[in-house]
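K.L.:
If you count by the UniProt record's numbering, then the sequence shown holds residues 1 to 568, one letter each, in order.
Worth double-checking, as some hints may not be accurate.
What the hints assert, rightly or not - Here are the computed lysine-lysine pairs in the DSS-like style, where the Cα-Cα straight-line distance is at most 30 Å:
no.: 1; residue 1: Lys204; residue 2: Lys382
no.: 2; residue 1: Lys505; residue 2: Lys204
no.: 3; residue 1: Lys204; residue 2: Lys75
no.: 4; residue 1: Lys565; residue 2: Lys534
no.: 5; residue 1: Lys505; residue 2: Lys172
no.: 6; residue 1: Lys255; residue 2: Lys298
Honestly, the hints are just simulated from the structure, not real lab data.
None of these values were measured; they are calculated from a predicted model.
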Amino acid sequence: MPPAIFGIAQLNPVIGDLVGNSDRLLVAVQKLAEQGVQLVLTPELSICGYPPRDLLMHRQFISDMEAAIADLARKLPPDVAVLVGMVSVNPHASQTGGKPLFNSAALLQGGEVRQIFHKRLLPTYDVFDEDRYFAVGNGSQVFTLHLKDGTSLRIGVTICEDIWNDEKFWGKRNYADDPVAELAQNHQLDLLLNLSASPYAVGKQNLRESMLSHSAIMHNLPLIYANQVGANDDLIFDGRSMAFNRSGKIIARGKGFEEDLLVINLEDELNLTASRYESDDAEIFAALVLGVRDYVQKCRFRQVVIGLSGGIDSALVAAIAAEAIGKENVLGVLMPSPYSSTHSITDAIALADNLGISTQIIPIAPMMEAFDASLANLFTGKSSDVTEENLQSRIRGSLLMAISNKFGHLLLSTGNKSEVSVGYCTLYGDMNGGLAAIADVPKTRVFSICEWLNRTNSLLSIKQGKTEVIPVNIITKPPSAELKPDQLDQDSLPPYDILDDILHKLINQHLSASEIIATGHDQAIVDRVVRLVKIAEFKRRQAAPGLRITDRAFGSGWRMPIASKVTP
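Generate the whole structure from the sequences, applying the supplied hints.
P.N.:
Structure representation (structure tokens):
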């Protein structure tokens with residue numbers, strides 16, 4: 001097999017931007033063609049971006065996509081074959097009553113669409129909802145690539161989920177058939193391709209590598225896998241496209257969390273450290289930076305505003321934002337109340353100085369007094385309680401939204417997963433925002449990432465002699481909402497190491513209360529946490545989109561009812 005005929009265009013599409021995505025594809029293919037590449041693989045639905053969701057219900061969007069594919073085919077270098085992810089019309093839908101569309105890949109070469117392949121396994125779980133739009137694919141999934149040296153290759157095409165159903169790898173099957181096994185057994189293939197848009201979750205890359213390596217070994221076929229990169233709403237796509245030889249050894253791997261062009265020689269040896277991260281903390285931070293950057297840019301914002309409390313959550317969000325869009329585009333707002341400690345203000349200012357971000361200070365005591373006066377008659381005879389505490393948060397939320405409206409800044413909310421899980425957050429207060437940057441990051445992980453930032457000084461934006469990113473006092477002091485005198489989070493919640501372990505077992509591992517108790521946790525604590533998670537559902541339904549970094553997040557894949565009765 002010739003050494004350098006394959007390429008991957010690992011691209012970051014904007015959903016719905018057919019012209020812009022086509023232009024990026026064209027430039028990528030032209031660059032790869034200059035390096036002698038004869039076949040270019042792109043990610044799943046690369047022409048429109050994944051997931052397009054209900055844009056697919058607009059007929060004009062589908063016809064515009066077909067026109068964009070035809071136009072791209074005419075512009076591409078004629079001697080390069082390119083597989084582009086697209087949506088195609090199911091011509092038999094009206095007769096069969098099936099879905100009107102296929103999730104497809106178009107083979108473009110010589111100025112035209114040569115062949116179209118359809119996805120066969122349609123995931124409808126977690127964040128995926130493909131059965132809502134697509135029919136199960138049919139027809140040949142094989143094409144012949146004629147090379148410049150006069151030889152040819154038989155190549156099998158799969159799309160994302162098609163390659164995730166190997167019974168021997170998983171010990172089970174989620175679908176009736178295995179498209180990869182069928183291709184390998186029924187066709188004399190020389191190569192297997194997979195176009196993917198596989199969302200990021202911490203730890204998922206190792207699973208992908210093992211699964212794809214197993215597939216290459218099982219079928220004795222080289223395998224090339226192109227994955228989308230970039231963030232779309234709550235989903236982050238990490239790229240890290242790969243190629244494997246028939247022995248299952250990785251011989252190419254794309255960069256993580258950024259666009260990349262790969263030229264693949266199936267005889268190459270890969271430096272396996274090239275796109276590895278030193279720790280889960282480093283990987284998660286890179287994912288969150290990409291998530292914030294893409295959300296800001298794709299929603300056409302330029303700057304962000306963050307409420308700086310002097311606490312660790314807002315500190316991490318500020319660090320992520322400074323790295324994502326530049327320190328000059330981040331505004332931190334301090335809003336001290338009579339209950340704010342002196343160190344909260346000094347810690348927040350120290351953080352801003354470390355990051356190089358600008359700040360504003362707006363004391364909220366006068367507004368608290370105005371609310372108390374306005375409600376005095378109505379609240380006569382009622383003692384002060386969480387109502388007044390929440391008013392402080394809502395005052396701050398209103399101020400931040402006013403700044404957002406006046407200056408066009410995107411407000412980043414700063415609640416972590418532990419708080420969001422149990423409702424330790426205030427609707428129309430600290431939950432205000434256009435994006436919840438760390439809503440899928442447990443509190444214990446927030447501490448871990450901040451400690452990693454200080455250990456490695458990993459922010460590109462503050463390398464000018466700073467010895468720390470997050471002021472040490474922010475990391476070491478006990479967490480507090482500071483809504484009443486001497487308040488600490490652990491007055492209301494279990495210690496975060498206990499809380500996060502219970503939440504992980506409940507949310508990610510789907511264990512019942514009794515199963516969690518059996519692992520050694522106190523029954524009263526478990527029952528209380530389960531109840532808090534349940535009754536906080538109405539809050540989460542009204543929250544800003546939260547970036548997903550685990551395999552179970554409160555976003556598009558979380559579909560719990562608000563009105564329900566569930567006992568521990």
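K.L.:
Against this structure, judge whether each hint is valid.
P.N.:
These are the hints, each one checked on the structure:
1. Lys204 x Lys382: Not satisfied, since the Cα-Cα distance of roughly 52 Å exceeds 30 Å.
2. Lys505 x Lys204: Status holds; Cα separation ~18 Å.
3. Lys204 x Lys75: violated (36 Å)
4. Lys565 x Lys534: holds (9 Å)
5. Lys505 x Lys172: holds (23 Å)
6. Lys255 x Lys298: Measuring from Cα to Cα gives roughly 21 Å; hence the hint holds.
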